[in-house]
Amino acid sequence: MPVIRFENVHKAYYLDRGRGSLRDAIPAAARRLLGRRNGREERVLWALKGVSFTVEKGETLGIVGPNGAGKTTILKLLSRVTRPTSGEIEVQGRVSALIELGAGFHPDLTGRENIYLNAAILGLSRREVEERIESIIDFAELWDFIDVPVKRYSSGMYVRLGFAVAAHVDPDVLLVDEVLAVGDYMFKDKCIRRINEFRDAGKSMIIVSHNKEQIQKLCDRAILLHRGQIVYAGDTGEVLERYYTEFAGQDLRQGPNGRHRREQGDRPIEITKVVLLDGEGEPRNAFVTAEPMTLQIHFRAHERIESPVFYARVRNERGTLHGTTTARFDLNRTFEAGEEGVAVVHYESLNLLTGHYTINVGIKRDHFSPFTFDRIDDAVSFSVGARFDQGGALVYLPHRWTFQEPEQAIPNAQHVTHPT
Amino acid sequence: MLTDLRELLAYRELLITWVGRDLKVRYKQSLMGAAWAILQPLSATIIFAIIFSRFVRVPTGGIPYPIFYYSALLPWAFLSSSITFGVSSLVNNMNLVTKIYFPREILPIASVLASFVDFLIASLIFVGMMLFYRVPVGLSIVTLPVLVLIQIVLTVGIVLAASAMNVYYRDIRFVVPVGLQLWMYLTPIIYPVTLVPERFRGLYMLNPMAGLIDSYRRVILKAQWPNPFYLVTAAAISLLIFAVAYTYFKRSEALFADII
Chain A
0 MPVIRFENVH KAYYLDRGRG SLRDAIPAAA RRLLGRRNGR EERVLWALKG VSFTVEKGET
60 LGIVGPNGAG KTTILKLLSR VTRPTSGEIE VQGRVSALIE LGAGFHPDLT GRENIYLNAA
120 ILGLSRREVE ERIESIIDFA ELWDFIDVPV KRYSSGMYVR LGFAVAAHVD PDVLLVDEVL
180 AVGDYMFKDK CIRRINEFRD AGKSMIIVSH NKEQIQKLCD RAILLHRGQI VYAGDTGEVL
240 ERYYTEFAGQ DLRQGPNGRH RREQGDRPIE ITKVVLLDGE GEPRNAFVTA EPMTLQIHFR
300 AHERIESPVF YARVRNERGT LHGTTTARFD LNRTFEAGEE GVAVVHYESL NLLTGHYTIN
360 VGIKRDHFSP FTFDRIDDAV SFSVGARFDQ GGALVYLPHR WTFQEPEQAI PNAQHVTHPT
Chain B
0 MLTDLRELLA YRELLITWVG RDLKVRYKQS LMGAAWAILQ PLSATIIFAI IFSRFVRVPT
60 GGIPYPIFYY SALLPWAFLS SSITFGVSSL VNNMNLVTKI YFPREILPIA SVLASFVDFL
120 IASLIFVGMM LFYRVPVGLS IVTLPVLVLI QIVLTVGIVL AASAMNVYYR DIRFVVPVGL
180 QLWMYLTPII YPVTLVPERF RGLYMLNPMA GLIDSYRRVI LKAQWPNPFY LVTAAAISLL
240 IFAVAYTYFK RSEALFADII
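Those sequence lines, one after another, are chains A and B.
Okay, so the first sequence: first residue is 0 according to numbering that gives the first Met the number 0, each after it adds one.
Okay, so the second sequence: first residue is 0 according to numbering that gives the first Met the number 0, each after it adds one.
There may be inaccurate statements among the hints.
[Claimed, not checked] Only pairs whose alpha carbons sit at most 30 Å apart, straight line, appear in this in silico BS3-like list of lysine-lysine:
1) K98(B) - K23(B)
2) K98(B) - K189(A)
3) K98(B) - K216(A)
4) K150(A) - K27(B)
5) K150(A) - K187(A)
6) K249(B) - K150(A)
7) K48(A) - K272(A)
8) K23(B) - K56(A)
9) K98(B) - K249(B)
10) K48(A) - K216(A)
11) K48(A) - K98(B)
12) K216(A) - K150(A)
13) K216(A) - K56(A)
14) K272(A) - K56(A)
15) K150(A) - K23(B)
16) K48(A) - K27(B)
17) K272(A) - K363(A)
18) K189(A) - K150(A)
19) K187(A) - K98(B)
[As the list claims (entries may be wrong)] Derived CB-CB ranges, DEER-like:
20) D143(A) - I50(B): 39 to 45 Å
21) I191(A) - P144(B): 52 to 58 Å
22) S251(B) - G86(A): 16 to 22 Å
23) I88(A) - R11(B): 24 to 30 Å
24) R126(A) - P144(B): 25 to 31 Å
25) L179(B) - D146(A): 35 to 41 Å
26) P291(A) - R11(B): 53 to 59 Å
In case anyone wonders, no lab produced these hints; they're calculated from the structure.
Please read all numbers here as calculations on a predicted model, not as lab measurements.
Idealized CB from N, CA, C, for every residue including glycine.
This is chain A alone, in the form it adopts within the complex:
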């Protein structure tokens, strides 16, 4: 008897609803009554188109797929936040979601008050919370701060408390969505141990992650989702392989800004695929600060192109943090019509801190020319988790700390000595 059963589930989002006001709704209703239509078709987004799968008791299912494939919609349906447009969903037992940690925390309430509140939202009774509160505080390692309003917490403390509460709900089904991309290194380890405990206790889990190793390690089976449909289901290793060979690079270019591309016929040289890899050459888009990262830009020339300039810009949501072009290194090569190639950026150390980043790539005629042969904004995205206490900083500067004796440290103004 399966714990989770999805049967031909469809989910539509109506993009135009809920933006309304009475001021617009009343005239619109009047027009409908009079039998006049205002002609505009309602925009509908089909997030899921006929998805069916089951999860047995004690089984862990991984869901992979490019952004916008419908992974988060599946989790939202399972946690009953939203309902399917058609199809059937059956879930046996209590569901807990490690999804939005700390959603529902109120900034003015203390950590302890928020534990009671959050646990009640997740379905625990007051008695159950009282039995577990010490263990929750221990897990979150917030002994000294538990009676402080959470608005004074750092983002790390916030996430720790959120995970601690969610991990103590004792669910029959656990939903995990990319949460392990946040928090510091040590805490992440602790979370993974906790998730393993759930698995060993025979609970069922569904895990959504971009982290290949996590999926590989935790899941018995996996499904590959693409544009709201299951394109492949089976053994975790096979699904991951398919995902990374067929989708990882290619599909990401259908990002929201893919429209910046020129018309098909207009591109004398064309970007065919953009892939993000880790130091070992494995496709990945979740990293830890100071790891190496490699970006591949696959391309095909349609005519003879003399020394095109490739660029890559790493951006956070506010702007470009780092840009690089092949012109900087005078990398010159001419490509013949029909020739294919791969331009590679080797980032030796990813000195970024916790966050989500995207990369814009493109090919230009030369460094100073505004003429772009082809470009893809937001071609790939990746997340970074920091191992360090970051204190609101933007980048990681490789460094070390020491103490010195005063006479050693104050340089004599007359005799400035240069460190060797």
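Starting from the known structure of chain A, fit chain B onto it as the hints suggest.
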């Protein structure tokens, strides 16, 4: 609706915790805290008592002006603050509604119950006023809990409908203060029911708050039993509003997370 009510019952601990949260947050944020709950109806009472005893003489049937007004303003303040806080209860907690499941009616119902706690606190002043004016209390006071219960059913119904509509039409909350103002003048708060002409009385009593306020005054100030016709009408309309509103709420609930 029965299964919905049963699920709500299963989540009663969350409801209680959430009421506690609402009160804590409200009182942590405002310096005045509980005093605000008392001051609001009290200040209105003072103003009305002065205007309607000195300038425009309203017949109260021998009841001192301050308690005549306070006895009506107290339940009215409960209704209006419930609606004012409740109408945006879903939209204000959208981060929760879009991420975690729980019966969504908990949010609007909790704002009604939090206002109810304010109402109880403000009632303490009223007890003092009753002692000061030596108002005799009769056996009919036993119907008071019934009156309060009917008012809660009515209030929850209105808040459920208003908060759900506010998800779809964000300008509902601008309509609310205007609606409350009009409603107040259609309710015997600044005047007694006896001022309403006999032939309009039946129509007038379709406003459930009219029957309730009149019953409060009879029970508390005059030691009389409520007019059974007024009371039954008020109870029936309140229940009807509640049933329709709750059904509407549960039907539109499915799309809250998609829309907010």
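Hints, verified against the model:
1. For the hint pairing K98(B) with K23(B), the CA-to-CA distance comes to about 23 Å; that is within 30 Å, so the pair holds.
2. Among the hinted pairs, K98(B) with K189(A) is consistent with the structure: their alpha-carbon atoms are about 24 Å apart, no more than 30 Å.
3. Under the criterion of a C-alpha separation no larger than 30 Å, the hint pairing K98(B) with K216(A) is consistent with the structure, at around 27 Å.
4. For the suggested pair K150(A) and K27(B), the alpha carbons sit about 14 Å apart, so the restraint of at most 30 Å is met.
5. Distance restraint check for K150(A) and K187(A): the Cα-Cα separation of roughly 22 Å lies within the 30 Å cut-off, and the hinted pair is therefore satisfied.
6. Between the alpha carbons of K249(B) and K150(A) the distance comes to roughly 33 Å, so the proposed pair goes past 30 Å and is violated.
7. Distance check on the hinted pair: K48(A) and K272(A) sit about 26 Å apart at the alpha-carbon level, within 30 Å; holds.
8. In summary, the hint linking K23(B) to K56(A) is not supported, as the alpha carbons are separated by about 41 Å, beyond the 30 Å threshold.
9. For the suggested pair K98(B) and K249(B), the alpha carbons sit about 18 Å apart, so the restraint of at most 30 Å is met.
10. For the proposed pair K48(A) and K216(A), the alpha carbon gap of about 29 Å is at most 30 Å, so the pair holds.
11. With a C-alpha separation of about 22 Å, the suggested pairing of K48(A) with K98(B) holds against the 30 Å cut-off.
12. With a C-alpha separation of about 36 Å, the suggested pair K216(A) and K150(A) falls outside the 30 Å cut-off, and the hint is violated.
13. As the CA atoms of K216(A) and K56(A) are separated by approximately 18 Å, the hinted pair is consistent with the 30 Å bound.
14. Pair hint K272(A) plus K56(A) does not hold up; C-alpha atoms about 39 Å apart against a cutoff of 30 Å.
15. Distance restraint check for K150(A) and K23(B): the Cα-Cα separation of roughly 15 Å lies within the 30 Å cut-off, and the hinted pair is therefore satisfied.
16. A C-alpha spacing of about 47 Å is found between K48(A) and K27(B), which places the hinted pair above 30 Å, so the restraint is violated.
17. Between K272(A) and K363(A), the direct Cα distance comes to roughly 17 Å. Compliance with the 30 Å bound is thereby established for this hinted pair.
18. Among the hinted pairs, K189(A) with K150(A) is consistent with the structure: their alpha-carbon atoms are about 24 Å apart, no more than 30 Å.
19. Between K187(A) and K98(B), the direct Cα distance comes to roughly 22 Å. Compliance with the 30 Å bound is thereby established for this hinted pair.
20. At about 57 Å, the CB distance of D143(A) to I50(B) disagrees with the hint of 39 to 45 Å.
21. At about 55 Å, the CB distance of I191(A) to P144(B) agrees with the hint of 52 to 58 Å.
22. Taking the beta carbon of each, S251(B) and G86(A) are about 21 Å apart, inside 16 to 22 Å as hinted.
23. Evaluation of the 24 to 30 Å hint for I88(A) and R11(B) yields a pass: the beta carbon distance comes to about 26 Å.
24. In this structure, R126(A) and P144(B) meet the distance hint of 25 to 31 Å, their C-beta atoms being roughly 29 Å apart.
25. Taking the beta carbon of each, L179(B) and D146(A) are about 39 Å apart, inside 35 to 41 Å as hinted.
26. Take P291(A) and R11(B): their Cβ atoms lie about 54 Å apart, and the range 53 to 59 Å holds.
Violation of the numbered hints given earlier is confined to hints 6, 8, 12, 14, 16, 20; the remaining hints are satisfied by the structure.
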